[in-house]
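S.K.: Keeping their order, the protein sequence lines are chains R and H. So for the first sequence, the working numbering puts the first residue at 1; every next one is plus one. So for the second sequence, the working numbering puts the first residue at 1; every next one is plus one.
Worth double-checking, as some hints may not be accurate.
To be verified - Lysine-lysine pairs mimicking DSBU-like chemistry, simulated, CA-CA at most 35 Å apart:
hint: 1; chain 1: R; residue 1: Lys276; chain 2: H; residue 2: Lys139
hint: 2; chain 1: H; residue 1: Lys91; chain 2: H; residue 2: Lys81
hint: 3; chain 1: H; residue 1: Lys81; chain 2: R; residue 2: Lys276
hint: 4; chain 1: R; residue 1: Lys347; chain 2: R; residue 2: Lys431
hint: 5; chain 1: R; residue 1: Lys542; chain 2: R; residue 2: Lys507
hint: 6; chain 1: R; residue 1: Lys276; chain 2: R; residue 2: Lys347
Everything labelled a hint here was simulated from the structure, so no lab data went into it. Predicted model only: the values in this text are computed from it and were never measured.
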Amino acid sequence: MDPDATDLARDIHATESHEQPVATRLTTSERVLARVTDGIYRQPGSALRELISNAYDADAEHVYVSTDRPRFSRIVVSDDGRGMTPENVAHLLRNIGGSTKRRREGQEQGLASDDDPDRSPGGRRLIGRIGIGLFSVSQLTQTFQIITKTRGDRFQTVASIIMRQFDDRSVSADSDEPFEAGLVEVWRERASDVDSQGTRIVLDNIRPGARRTLQSYDLWVASDETSRTGGTTRPPTYHVGRLVSEESDDLDRQSDGSYDALPWEAHDDPADAFTKLVNAVWAQTGQQATHPRLENTLDAYLQMAWNLSLAIPATYVDGDPFRIPFGDAAHCFQLSEGLNAKLQPIKLGNDETLASRVDFAPAASTDDFRVRIDDLELSRPLRFTDLPTTTAALKQPILIAASDEQRFDGVPRELSGGTLRFSAYLLWNSKIVPSEHQGVLVRIYGASGTLFDSSFMRWQVAEITRRKQISCEIFIHEGLEGALNIDRESFNYAHPHVVYLTAWLHKALTRLVTVQKRLGTEARNEREKERVTARDAALQQKLETVWSGRGHDEAAAVALDQPGGSPDYPADILVSLAEPASAAEQTRLEVILSILAAYSLLDGLSTADLEALTADLHQTLATIDS
Amino acid sequence: MTDSGLDIFATTTYAAKPRPKPEFKPWHRPRKHFVRSRQWGEQLSRLITEFRLSEVRYLGLPGSDLLDIRAFHDGLPLEIKLRYLGFSTLKNDDDPVALQTSVAEVNRLPQIHEESNVLTDDIREIARQDSVASERMRKHGPYDIVNLDLCDSIFGESSVVPLGSVPLYSAIDAMFRLQRQRHSPWLLLITSRVDRGLIDESVALKLSTRLLENVDGCDGFLANLRDVVSSFSPTDGGELDCSDEEWCTLFSALLLKWLLGLAIQCDAKLELRSAMSYSVKGSEHDDLLSIALRITPVAQALDPAGIAPASNPPIDECLLANRSVRRLAALLRVDEVLSSDEDLLSDVISEAADLMERARYDANDFVDFAMASGT
Chain R
1 MDPDATDLAR
11 DIHATESHEQ
21 PVATRLTTSE
31 RVLARVTDGI
41 YRQPGSALRE
51 LISNAYDADA
61 EHVYVSTDRP
71 RFSRIVVSDD
81 GRGMTPENVA
91 HLLRNIGGST
101 KRRREGQEQG
111 LASDDDPDRS
121 PGGRRLIGRI
131 GIGLFSVSQL
141 TQTFQIITKT
151 RGDRFQTVAS
161 IIMRQFDDRS
171 VSADSDEPFE
181 AGLVEVWRER
191 ASDVDSQGTR
201 IVLDNIRPGA
211 RRTLQSYDLW
221 VASDETSRTG
231 GTTRPPTYHV
241 GRLVSEESDD
251 LDRQSDGSYD
261 ALPWEAHDDP
271 ADAFTKLVNA
281 VWAQTGQQAT
291 HPRLENTLDA
301 YLQMAWNLSL
311 AIPATYVDGD
321 PFRIPFGDAA
331 HCFQLSEGLN
341 AKLQPIKLGN
351 DETLASRVDF
361 APAASTDDFR
371 VRIDDLELSR
381 PLRFTDLPTT
391 TAALKQPILI
401 AASDEQRFDG
411 VPRELSGGTL
421 RFSAYLLWNS
431 KIVPSEHQGV
441 LVRIYGASGT
451 LFDSSFMRWQ
461 VAEITRRKQI
471 SCEIFIHEGL
481 EGALNIDRES
491 FNYAHPHVVY
501 LTAWLHKALT
511 RLVTVQKRLG
521 TEARNEREKE
531 RVTARDAALQ
541 QKLETVWSGR
551 GHDEAAAVAL
561 DQPGGSPDYP
571 ADILVSLAEP
581 ASAAEQTRLE
591 VILSILAAYS
601 LLDGLSTADL
611 EALTADLHQT
621 LATIDS
Chain H
1 MTDSGLDIFA
11 TTTYAAKPRP
21 KPEFKPWHRP
31 RKHFVRSRQW
41 GEQLSRLITE
51 FRLSEVRYLG
61 LPGSDLLDIR
71 AFHDGLPLEI
81 KLRYLGFSTL
91 KNDDDPVALQ
101 TSVAEVNRLP
111 QIHEESNVLT
121 DDIREIARQD
131 SVASERMRKH
141 GPYDIVNLDL
151 CDSIFGESSV
161 VPLGSVPLYS
171 AIDAMFRLQR
181 QRHSPWLLLI
191 TSRVDRGLID
201 ESVALKLSTR
211 LLENVDGCDG
221 FLANLRDVVS
231 SFSPTDGGEL
241 DCSDEEWCTL
251 FSALLLKWLL
261 GLAIQCDAKL
271 ELRSAMSYSV
281 KGSEHDDLLS
291 IALRITPVAQ
301 ALDPAGIAPA
311 SNPPIDECLL
321 ANRSVRRLAA
331 LLRVDEVLSS
341 DEDLLSDVIS
351 EAADLMERAR
361 YDANDFVDFA
371 MASGT
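The following block holds chain R by itself, in its conformation from the complex (with noise of 0.2 Å):
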């Protein structure tokens, strides 16, 4: 540790026997590196997952965030995780930067195993980086107090922080002094329980910025505003609710007597609850929506818990797709490794899972860690089983596994970066849900920062239609991970680890989208067409034109639900219309929807706008005939 940190830990100690606390600045050399904490996140939970991540990294089994919503003035993190000695804190203080734990610094500071230092004593693959990840909190506030205690330790160690806001102007040009990026006041404190450890970061003072986007306040905005002028933005299916004002504390209340509007009941057990969550955002592909998004469905809290569900190591809500027993549920297949990689069919029998056939399935995620978020628990909201089928011939989704392993050999590790191995499944299914699941998802050690990204790392296909069913994850084993930008939510595209993955998710590709095109054909020649429509079969042979001529297999069928008159075939799209038309004017709307649909229009409409397409155009047709 280096002296200056030293020194600081030994002040700290100090200050067990008198009661006055250390005054220190935090400081760090680089002063990229403290701009660098500034701002860089996009949304307020990236904050929260930096934390999360310290406390996974920290062995923790629990780990609880209350947030105050839907107030958000205070904000507190705690887990039952190993803590940080004072050495930690003053290593903390001092390098706010750096982080400690891939370098032999990490093993002489405890926070890393002995045996391995990319590992946790406990034995997890080190997924955070404690020097930038703490202070992204900055995103969310500029004070906050560190409450924290290791096990056998007869004191906890307490640091209270403002943060500088940084200013080039207080750096001068050729300084060598270290930057002061804040003020702090650390302390040690009696203890009660020796035994006890854990951590308990509180943020208060939340900058109003950050709790106006918790609080959705655009999006109310938007919703008060269009509610006054009769226009259709409504707020989010489900939603924590609001304050009344900015200024004041009680809650807005309803029409119908509650605040909020949530699938899960206040009694519910919190992993049942965040079930609930996510069984109400899939239930929106039963409504009329083309394409049900998670931002028309959740307000901006529910989205932020979703997508930490997603970031953090945690296990899957329906269990984990390798380990699924599909049976004949979908349509199973290997690729082998390499570039020119072939796919094999599986065939499952019965209790079978991926698993057992493959040697490469990533290792279950353990549920021994726990995450909380006020009434939620979370879990990897993906399904696998039970999927939303639309009319498209092909009924089940398709799975490929697939696993490789890049050495780069010939070239020096100083310049590869090194060994990269993933294994990965690829999901075609007619309907991905919600939208926000189509594309890849890159994992590294369980966590990701990307979420689902998709482009698919930039697939320059124009395979628009088939884009949009496709749902993957990358599990990586080793390597990549120079290769994340210092956010940890996007990469750095010149990294031979970046561009070998993605020629590797691109071939990948397109060996999923050529088996189910031939899947797909072969099961429209299988069935009969059943679909009996009320349309000329001429007008029908238009259609299916246009939209083969837009890239799909089939046309997806349009049909308007009027009062008094269901259509009597499935739809894919099913859009009400409350005012009367006549069989000719359901027709010509019909086929304005289905040719919009095909150039792929309507997929960004809520429901309520698809309706109000649908009103507009009745009634601006309607004044063209009469």
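Dock chain H against the given chain R, drawing on the hints supplied.
M.R.: For chain H alone, kept in the frame of chain R given last:
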């Protein structure tokens, strides 16, 4: 507020806040600990045992050292968890970090439920049904034990706050309304200053009126009252009077009557389990009262026509009023008890020192403080 008129900053001073030195306060004195263990702790233990509680839900007004919660936790039988919700408004010289440190520490204790928390809202906020405080109270309730440990008088002018704000009694009303959901008995602890001069006039009149109703309309009540307040004398103007010495007891009777009325409105019986008093100002008459009440829901028939049969007879206010007033004879004057029994005082100091040490105070310094304060 900022110059810009935009709401940008939540933190507006770039400086460390001076940390107050931990000092011993009057409520750290041995007699308070006597009340804490011999009244509060005792009553909670009985409730747990008699009704086989597996979890204790607690609503209170803890100080930043969370002393009371620690004490309750320590008295719990194993396997029983304490789930607390505290309203702790920080006064000028209070240290918010001390509160958070206490919460961090207490929540690591094995028998504390993880959802336990302290809000910095004023408890009076619960009187507004839509407030965040009210919603939190409802969410974590109803409670097995409600501890209103007030610094001032429950009927005092500080309880009657400026127009637009809410008095304490409205908060108590709201709390009873929530507790109405309970089917099993619960414990209400109230600590209040009793000084005549602190009572708001309009409130005093209403309290007197209630008491006088019993004096007039309830057999035996006057006699029972005179047994414990021998100098009781209602004036023609409807005001009440008695000697200074007995004022504390009379105040207790007024308070009990008020709470009994609230309880009956909520279809519950109220029973005085313990009453203790001592003197804060050091005068010869006690000016602080601590009472423990057990409140038992008794489902009442709703049908005023009496057609739907009642599962319980109507609650007899007179009977309960009489009982509670009689029990005031056992009002324990703690200063007297402790100053006349050295061994007891010494035990209490030593227990308190243990508790204080767990709350991060220095045990030796505490013992010095305790010995110097007498009781």
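S.K.: Below or equal to 35 Å on CA atoms is what counts here, so check Lys347/R against Lys431/R.
M.R.: Holds: Lys347/R and Lys431/R sit about 23 Å apart, inside 35 Å.
S.K.: Can the restraint linking Lys81/H and Lys276/R be considered satisfied, given a maximum Cα separation of 35 Å?
M.R.: 27 Å, holds
S.K.: Please verify whether Lys276/R and Lys139/H have alpha carbons no more than 35 Å apart.
M.R.: Distance ~19 Å between Lys276/R and Lys139/H Cα, so the pair holds.
S.K.: Take the C-alpha atoms of Lys542/R and Lys507/R, compute the straight-line distance between them, and say whether it is at most 35 Å.
M.R.: 34 Å, holds
S.K.: Run the distance test for Lys91/H versus Lys81/H: straight-line Cα separation, threshold 35 Å.
M.R.: Status holds; Cα separation ~30 Å.
S.K.: For Lys276/R and Lys347/R, compute the direct alpha-carbon distance and say whether it is at most 35 Å.
M.R.: With a Cα-Cα distance of about 32 Å, the restraint between Lys276/R and Lys347/R holds, given a limit of 35 Å.
Taken one by one, the earlier hints all hold for this structure without exception.
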